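Enquirer: Protein sequence lines correspond, in order, to chains A and B. For the first sequence, the positions run 19 to 423 when the numbering used here is used. For the second sequence, the positions run 19 to 423 when the numbering used here is used.
Just so you know, the hints here were simulated from the structure itself, not pulled from any lab data. One thing to keep in mind: the hints can contain errors.
Copies of one chain are not kept apart here, so a pair can be met inside one copy or by any two copies together.
Taking lysine-lysine and the DSS-like style, the derived pairs with C-alpha atoms no more than 30 Å apart in a straight line are [unchecked claim]:
#1 LYS33 to LYS255
#2 LYS33 to LYS256
#3 LYS33 to LYS21
#4 LYS250 to LYS33
Quick caveat, the model's predicted, so the values are computed rather than measured.
There are 2 protein chains.
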Amino acid sequence: MLKVEIAATGNELIKGQIADANSPWIAEQLRIIGANASRIHTVGDEADALGDLLREIASRAHLALITGGLGSTPDDVTLRAVADCSGRRLVSNGEANRSGSVSPRTAPKQALVPEKSTLLPNPLGTAPGFCLSLNGCLFVFLPGVPREMKQMVTDSVLPLIRDQFADRLRPVLTQRLNVFGLTESGISQRLEEFPRLYPTIELGFRFVFPRIHLSLSADQAPTSPEELDRSKRWVLKKLGKNVVSAAEETMPEVLGYLLRENGGSISLAESCTGGLISRRITGVAGSSDYFPLSAVTYSNRTKKELLGVGESTLQQHGAVHEKTAEEMAEGMRRLAESTYALSTTGIAGPGGGTPDKPVGTVCIGLATPEGTESRRVHWDSGDRRANQSFFAECAMDLLRRRLLG
Amino acid sequence: MLKVEIAATGNELIKGQIADANSPWIAEQLRIIGANASRIHTVGDEADALGDLLREIASRAHLALITGGLGSTPDDVTLRAVADCSGRRLVSNGEANRSGSVSPRTAPKQALVPEKSTLLPNPLGTAPGFCLSLNGCLFVFLPGVPREMKQMVTDSVLPLIRDQFADRLRPVLTQRLNVFGLTESGISQRLEEFPRLYPTIELGFRFVFPRIHLSLSADQAPTSPEELDRSKRWVLKKLGKNVVSAAEETMPEVLGYLLRENGGSISLAESCTGGLISRRITGVAGSSDYFPLSAVTYSNRTKKELLGVGESTLQQHGAVHEKTAEEMAEGMRRLAESTYALSTTGIAGPGGGTPDKPVGTVCIGLATPEGTESRRVHWDSGDRRANQSFFAECAMDLLRRRLLG
Numbered sequence: 019m020l021k022v023e024i025a026a027t028g029n030e031l032i033k034g035q036i037a038d039a040n041s042p043w044i045a046e047q048l049r050i051i052g053a054n055a056s057r058i059h060t061v062g063d064e065a066d067a068l069g070d071l072l073r074e075i076a077s078r079a080h081l082a083l084i085t086g087g088l089g090s091t092p093d094d095v096t097l098r099a100v101a102d103c104s105g106r107r108l109v110s111n112g113e114a115n116r117s118g119s120v121s122p123r124t125a126p127k128q129a130l131v132p133e134k135s136t137l138l139p140n141p142l143g144t145a146p147g148f149c150l151s152l153n154g155c156l157f158v159f160l161p162g163v164p165r166e167m168k169q170m171v172t173d174s175v176l177p178l179i180r181d182q183f184a185d186r187l188r189p190v191l192t193q194r195l196n197v198f199g200l201t202e203s204g205i206s207q208r209l210e211e212f213p214r215l216y217p218t219i220e221l222g223f224r225f226v227f228p229r230i231h232l233s234l235s236a237d238q239a240p241t242s243p244e245e246l247d248r249s250k251r252w253v254l255k256k257l258g259k260n261v262v263s264a265a266e267e268t269m270p271e272v273l274g275y276l277l278r279e280n281g282g283s284i285s286l287a288e289s290c291t292g293g294l295i296s297r298r299i300t301g302v303a304g305s306s307d308y309f310p311l312s313a314v315t316y317s318n319r320t321k322k323e324l325l326g327v328g329e330s331t332l333q334q335h336g337a338v339h340e341k342t343a344e345e346m347a348e349g350m351r352r353l354a355e356s357t358y359a360l361s362t363t364g365i366a367g368p369g370g371g372t373p374d375k376p377v378g379t380v381c382i383g384l385a386t387p388e389g390t391e392s393r394r395v396h397w398d399s400g401d402r403r404a405n406q407s408f409f410a411e412c413a414m415d416l417l418r419r420r421l422l423g
Numbered sequence: 019m020l021k022v023e024i025a026a027t028g029n030e031l032i033k034g035q036i037a038d039a040n041s042p043w044i045a046e047q048l049r050i051i052g053a054n055a056s057r058i059h060t061v062g063d064e065a066d067a068l069g070d071l072l073r074e075i076a077s078r079a080h081l082a083l084i085t086g087g088l089g090s091t092p093d094d095v096t097l098r099a100v101a102d103c104s105g106r107r108l109v110s111n112g113e114a115n116r117s118g119s120v121s122p123r124t125a126p127k128q129a130l131v132p133e134k135s136t137l138l139p140n141p142l143g144t145a146p147g148f149c150l151s152l153n154g155c156l157f158v159f160l161p162g163v164p165r166e167m168k169q170m171v172t173d174s175v176l177p178l179i180r181d182q183f184a185d186r187l188r189p190v191l192t193q194r195l196n197v198f199g200l201t202e203s204g205i206s207q208r209l210e211e212f213p214r215l216y217p218t219i220e221l222g223f224r225f226v227f228p229r230i231h232l233s234l235s236a237d238q239a240p241t242s243p244e245e246l247d248r249s250k251r252w253v254l255k256k257l258g259k260n261v262v263s264a265a266e267e268t269m270p271e272v273l274g275y276l277l278r279e280n281g282g283s284i285s286l287a288e289s290c291t292g293g294l295i296s297r298r299i300t301g302v303a304g305s306s307d308y309f310p311l312s313a314v315t316y317s318n319r320t321k322k323e324l325l326g327v328g329e330s331t332l333q334q335h336g337a338v339h340e341k342t343a344e345e346m347a348e349g350m351r352r353l354a355e356s357t358y359a360l361s362t363t364g365i366a367g368p369g370g371g372t373p374d375k376p377v378g379t380v381c382i383g384l385a386t387p388e389g390t391e392s393r394r395v396h397w398d399s400g401d402r403r404a405n406q407s408f409f410a411e412c413a414m415d416l417l418r419r420r421l422l423g
């Protein structure tokens with residue numbers, strides 16, 4: 019089995035000022051082509067510490083990807099560490115490879131690379147990457163800037179690994195689904211028979227609040243893509259409308275497709291979600307085609323004056339009630355002249371709860387050409403913003419299920 | 019110097035499905051009390067791999083914090099690895115420490131700990147942590163659930179480290195500021211004299227889009243807290259109103275304080291920011307006190323009908339223009355009966371740009387009791403959501419500066 023390790027260098031990483039997001043991304047890309055990382059490391063910008071790490075990795079692994087420390091500031095010590103622990107001289111980019119992408123004149127230090135290394139062009143930045151072999155382990159050195167690093171991995175590094183380690187890669191087939199409306203144990207129950215029916219396929223759950231990402235993955239050898247597709251169709255049938263997307267789209271993206279398909283438009287009257295549903299729906303490019311208007315009506319006065327919620331409704335039921343949610347949605351649908359309108363009114367917390375309407379209570383209204391419906395949901399995570407996220411997803415989900423018919 | 023290493027275990031981490039956010043958090047906590055991590059590691063849920071790592075760390079470090087793998091599923095292999103590489107038996111929690119927080123009856127596997135280890139109570143979960151010494155290195159094992167882990171670090175682990183390593187900690191004094199409205203090089207220029215005036219204090223920048231976090235830190239030994247405060251006051255004077263907060267509050271939190279202070283309220287007419295400003299302002303608990311209404315008016319029709327933007331304004335200048343932004347803000351201020359109203363209209367991208375109004379153009383309006391003003395800003399990151407974030411921050415910043423007088 020191919021032994022792979024990944025490392026990131028940087029004082030801001032080792033001090034905990036930022037989390038290393040490069041290494042998980044690299045690990046995922048490698049896994050897709052069939053190489054599993056066994057270790058991920060972080061060290062600071064110290065040539066000695068990095069040198070120790072490189073020697074250690076060289077004694078264990080066949081392949082290593084290292085990000086960071088290739089810039090032109092004194093903090094950037096990767097070149098020095100590589101030179102020290104490989105005994106190679108640093109030479110100019112041009113000397114190493116006449117086809118290199120960087121001119122030594124414009125970026126003198128960045129253009130240095132260890133002699134006899136292979137250059138990896140950096141189309142989005144100035145510091146090139148390079149790879150070389152130490153003690154039989156292939157080391158790939160890449161800049162730490164995520165945008166540059168990702169482009170280089172996709173363009174140069176993955177093809178190189180595919181080429182050099184072809185017979186030792188075990189590509190994994192993967193399918194992902196985005197689920198909302200069932201708990202993890204609810205999903206497990208419905209999919210109870212899966213392991214017996216598809217023993218070579220691994221079923222994975224990942225709670226990406228407030229959704230659940232479900233993955234089906236299998237080694238390419240014993241499992242065919244057709245078999246994986248069959249297992250996916252089986253899962254889709256078992257989970258029904260709880261599958262928001264069988265292709266990794268988000269809830270607002272799916273709503274966008276459905277609204278375009280059916281030629282409808284959506285407007286919003288938000289209270290406790292405070293603009294979050296608007297934000298999510300307008301986060302999709304082109305959403306202006308089906309999204310004319312939304313309002314956040316926090317006060318009773320604006321609920322009445324702008325949306326036409328009845329004084330008697332508010333007096334009889336209060337702001338957090340199905341009836342109020344329905345009138346908010348109806349009022350917004352009239353105001354925006356949209357096909358559909360969604361509303362939310364509830365208590366996101368931390369304050370504002372009462373015994374019969376505790377924090378975490380939300381009423382959702384949906385006005386449609388055929389009439390108006392509403393739901394009351396209760397869920398409290400103890401965190402205002404998480405509650406708002408959950409309420410928003412519930413509201414969008416109500417419309418999604420409606421659009422599915 | 020105290021040598022510290024941190025490790026996280028988990029298949030989801032080594033596969034790159036999620037990033038390890040525990041280790042950076044721990045690194046930061048340790049740094050505050052005066053211990054700097056030199057390595058951060060990630061391994062999968064394999065007892066052998068973890069055992070190798072533990073032995074390796076024991077040979078190098080004085081202190082190690084390990085998260086994950088303490089649960090009750092077969093994936094959770096930390097106990098096995100510790101038993102293997104320490105040669106210690108696993109005993110029940112009760113046997114190890116009668117004051118332990120978990121009853122072996124309710125959580126049999128989770129209640130196992132290595133013999134002669136010190137239990138660390140887990141007030142928010144079922145799996146207790148523990149610590150023990152291997153080859154002279156103090157290992158602290160903690161659950162991977164962030165909420166549980168953080169509570170335990172704060173309650174038990176930091177006091178324990180302070181106690182055991184008192185004479186080897188080098189506590190760091192830190193102050194943080196949240197800056198908006200200057201580039202990194204603009205800040206550097208204004209603070210050019212800082213290193214000469216305060217040579218023992220380190221000035222750090224961290225770009226937390228769209229803000230810049232500025233930190234002042236110094237070893238406690240040569241620098242007094244008073245000296246650090248003096249350097250902070252100097253920085254505050256140099257950066258003036260560009261300092262959003264001298265105490266790590268966010269822009270909407272600062273707006274909240276300023277609005278309460280001055281007894282004013284704010285309403286919003288958003289177009290290209292799509293509800294993001296509402297979302298951010300209502301993300302602050304208690305914001306309903308000063309936030310009556312906002313609307314997202316994507317279409318020209320709703321800009322005219324709801325906000326009263328003139329047909330002639332739209333015809334003459336188009337939707338993206340200072341004049342349109344001003345009329346949107348004025349219309350919303352009337353509608354909401356608020357003290358202030360902010361508006362945004364622009365092109366977040368990726369489509370919709372024109373030669374004279376390219377993607378990244380935004381016009382911001384601010385209506386106040388004293389009149390209306392507007393700004394045009396251009397900034398394009400190539401990413402729709404990042405552009406929206408930047409536009410939102412610019413709009414809130416315009417109000418913030420106004421409220422500061």
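Enquirer: Now tell me if each hint is right for this structure.
Expert: Each hint, compared with the structure:
1. LYS33 to LYS255: between (48 Å within a copy, 28 Å between copies)
2. LYS33 to LYS256: between (46 Å within a copy, 27 Å between copies)
3. LYS33 to LYS21: both (28 Å within a copy, 13 Å between copies)
4. LYS250 to LYS33: Between copies, since 22 Å is at most 30 Å while 43 Å is not.
When the structure is compared with the earlier hints, no violation turns up for any of them.
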